[in-house]
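The whole structure should be built from the sequences, with the hints applied where relevant.
Order-wise, the sequence lines are chains A and B. Once you know that position 476 of the first sequence is 476 in our numbering, the rest is easy, because the numbers rise by one and skip nothing. Our numbering runs 491 ahead of the 1-based position in the second sequence.
In short, the hints are calculated from the structure, not lab data. Yeah, the Cβ is synthetic: ideal placement off N, Cα and C, and Gly gets one too. One or more hints might be untrue.
What the hints assert, rightly or not - Each computed PhoX-like pair below joins lysine-lysine, with the alpha-carbon atoms no more than 25 Å apart: (1) A:K384 - B:K530; (2) A:K384 - A:K268; (3) A:K395 - A:K268; (4) A:K395 - A:K384; (5) A:K418 - B:K530.
Stated by the list, open to error - Computed footprint of chain B on chain A, listed as stretches where at least three residues anywhere in the stretch have a Cβ under 8 Å from a Cβ of chain B: (6) 327 to 336; (7) 358 to 367.
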Amino acid sequence: MANVPAHEWTLLEAARRVREGEVSSRELTEALLARVAALNPRINAYITVLPERAMAQAAACDGERAKGSLRGPLHGVPVGLKDIFCTRGVRTTCGSRILHDFEPPYDATVASMVLSAGAVLLGKHNMDEFAMGSSTETSHFGVTRNPWDLSRIPGGSSGGTAAAVAAAMCFAGVGTDTGGSIRQPASLCGVVGVKPTYGRVSRYGMIAFASSLDQGGPIARSVADAALLLSVIAGYDRRDSTSVDVPVPDYLAAADRPVRGLRVGLPKEYFGGGGLDPAVRAAVERALSALTDQGATAVEVSLPHTEYALATYYLVAPAEASSNLARYDGVRYGHRAEGAAGLIEMMSRTRAEGFGAEVKRRIMIGTYALSAGYYEAFYGKAQKVRTLIRGDFEKAFGQADVLLTPTAPTPAFRVGEKTDDPLTMYLSDIYTIPCNLAGIPGISVPCGLSAEGLPVGAQLLSNHFREETLFTAAGAIERAIPLPRVAPLTG
Amino acid sequence: MAITREEVLHVARLARLAVTGAEADRLREQLSGILDYVKQIDRLDTRDVVPTSHAVEMGTPFRDDVVSPFGDREALLSNAPDREGDFFRVPRIIED
Chain A
1 MANVPAHEWT LLEAARRVRE GEVSSRELTE ALLARVAALN PRINAYITVL PERAMAQAAA
61 CDGERAKGSL RGPLHGVPVG LKDIFCTRGV RTTCGSRILH DFEPPYDATV ASMVLSAGAV
121 LLGKHNMDEF AMGSSTETSH FGVTRNPWDL SRIPGGSSGG TAAAVAAAMC FAGVGTDTGG
181 SIRQPASLCG VVGVKPTYGR VSRYGMIAFA SSLDQGGPIA RSVADAALLL SVIAGYDRRD
241 STSVDVPVPD YLAAADRPVR GLRVGLPKEY FGGGGLDPAV RAAVERALSA LTDQGATAVE
301 VSLPHTEYAL ATYYLVAPAE ASSNLARYDG VRYGHRAEGA AGLIEMMSRT RAEGFGAEVK
361 RRIMIGTYAL SAGYYEAFYG KAQKVRTLIR GDFEKAFGQA DVLLTPTAPT PAFRVGEKTD
421 DPLTMYLSDI YTIPCNLAGI PGISVPCGLS AEGLPVGAQL LSNHFREETL FTAAGAIERA
481 IPLPRVAPLT G
Chain B
492 MAITREEVLH VARLARLAVT GAEADRLREQ LSGILDYVKQ IDRLDTRDVV PTSHAVEMGT
552 PFRDDVVSPF GDREALLSNA PDREGDFFRV PRIIED
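Given below as C-alpha cells:
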C-alpha cells in the first residue's frame, strides 16, 4: 500500500488518511489537481476545473481538522460532479452551448450534500449534451476519451465522470442515469456505477432531461466507495416532490455481507439476442460463477416485455425532454441569438444555435409524440407498455432477490463509430433502459476484460429500495474477480 | 412510418426550433426511422393496462402555501443575456 500513489487510493482510503492526519487535504488536492492538469488535455473528462476553489476548500478542511472538527465522511477528499448538477457560482453547462456561461444561483441538493460531507470539489465533468447520448460525443465541449484506450469513447452520458474516476482524476464522482447513463459508462471504463431507486436521491438542482426516469448516483473505483458515496447523497428532500421519505440504510456494511442463499435471477431475454458480444457474455458468466461459488443460487427468470423497452423509452424520454427543455428560450439565462426582430424569432434561433443535433432530434420526436392527434398513439401507449415492463420485474422479484445481466452489449466502441446512426447508438443502452422504466435500482460492477483488454461490466438489478442487495452481490463479484482499478492510459 | 417534410416543419415550429432546408430533410429521414422503430409497441394489446406516469407509486405531496423569498435577486438577473435594471429585456413581443 505504501507504494500506491495518492491519486490511486480508494475514496475510503483517502478519507481515512485525511481523518487520521496521515495526509492533509491540501496535499491530496494538490496531487489530484496535478493529475487532472497532466491528463485532462488528452482525456477531456472535465469541462471546468476549479484549482483555486479546491485549494481554498482543502485549506479550510485542514484548518477545521486541526481544531478537531470534521465535516463528514468525505472530509477533505477531492471529488467531481457531472456538469448537470447546479453549483452555486460555478459554471454549469450540461454539456450544451445554450448553457455555456450559466452560473447557477444555488446548489443542487446532491452538490450541497457532497460538500456538507466535507468533499472538495475539483471540477465539473464532461457529458453528452443534456445527458442525451451513450458516448459523450454529443457534448458541446468535445468528446471524452476512454482512459483504457484513447481511441475509444468512455460511454455516456456520464462519460466524463466515469473516465475521470477510471483515470484517477478524482476519488469518485456523481453522475446521472436516465436510461443507463451511469451504468453504461461505468461498464465501459471499468469502474462501479449505481443508479439508485427513483426517488432515492434528490433531483433538485439536477438539470432535468426526463423527469420520471432521471436519477443521480455514484461512480467510484470500488463497491465500498460507491456505497459510501450513495449514503452521502441519498435521502428525502422536500424540494423534490418525487423524493421518497424512507430511511437510508448502512450501504457500506452491505458491501461486505455474504451472498450465501441469495437467489440470482438470469433474465433469459438479456442473454438471447444476437447483439451480445461473446466476450461480454463470458465475463458475465464468470460473475455468475463468482456468486454461485460463494453460495448464491442461480434461477432463470423471464422479462417478456424486454423487447419493447427501448421503443417505450424513446417515446417517454423525448416527450418529457421536449417539455423540460422548453425553458431554454434565451430570456433569463444562457445563450441568446443576436439580431432577431421579434421574440419568437429570437427564441427559435436561440434554440437552433444553442442545441446540438441529438438534442434537437429528441425535442422533435418528443414534440411530435405529444402533439395533437398523436398523444394517445405514442406517449399514452408508451406509458401503458411501461406498466407491463414494471409488471415483468415485479414477477421476477418474486423468484429472485437480484437479477444479473450484462450492462452493455459490447465493450467501448471507437470514437465516431456510431455517430451517424442514432438507432444503433441507442442500442448500447438496451440492457440498462428497462431498469429506469421500472424505477428500480441497478449497479454496474467490473467483471472482466475483453481480448483487447477493454473492461466489461456486469449489471445487477434489485427491487425498489433494495440497494443493499446490489452492494452485497457486487461486493462478492469484486472480491472474486480482481481487476485493475485505475485505467492503464494507452492508445 | 413516413413523416412528411411539412410535418417536420410544423413540429419544429411547435418546438420553437429554426431549421434549415437541409436540416428538415435530414430530420424527416431520421425521425421516420425512429418512429418506425418505436411503432413496434403497437403489437401489444394494452386495452386494460393502466398507464405509468411515475415508477414509484406515491401520492402528491402537499406543503403549506408559504412564500419563502430567494434573497439573491442579483444572482438571478446577472445570468440574463440582456437586462434593464431589475427586468429581463427581450425583443418586441407583438410583431407588426
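Notebook entry, point to check: Broken hints, numbered, in rising order?
Noted result: none
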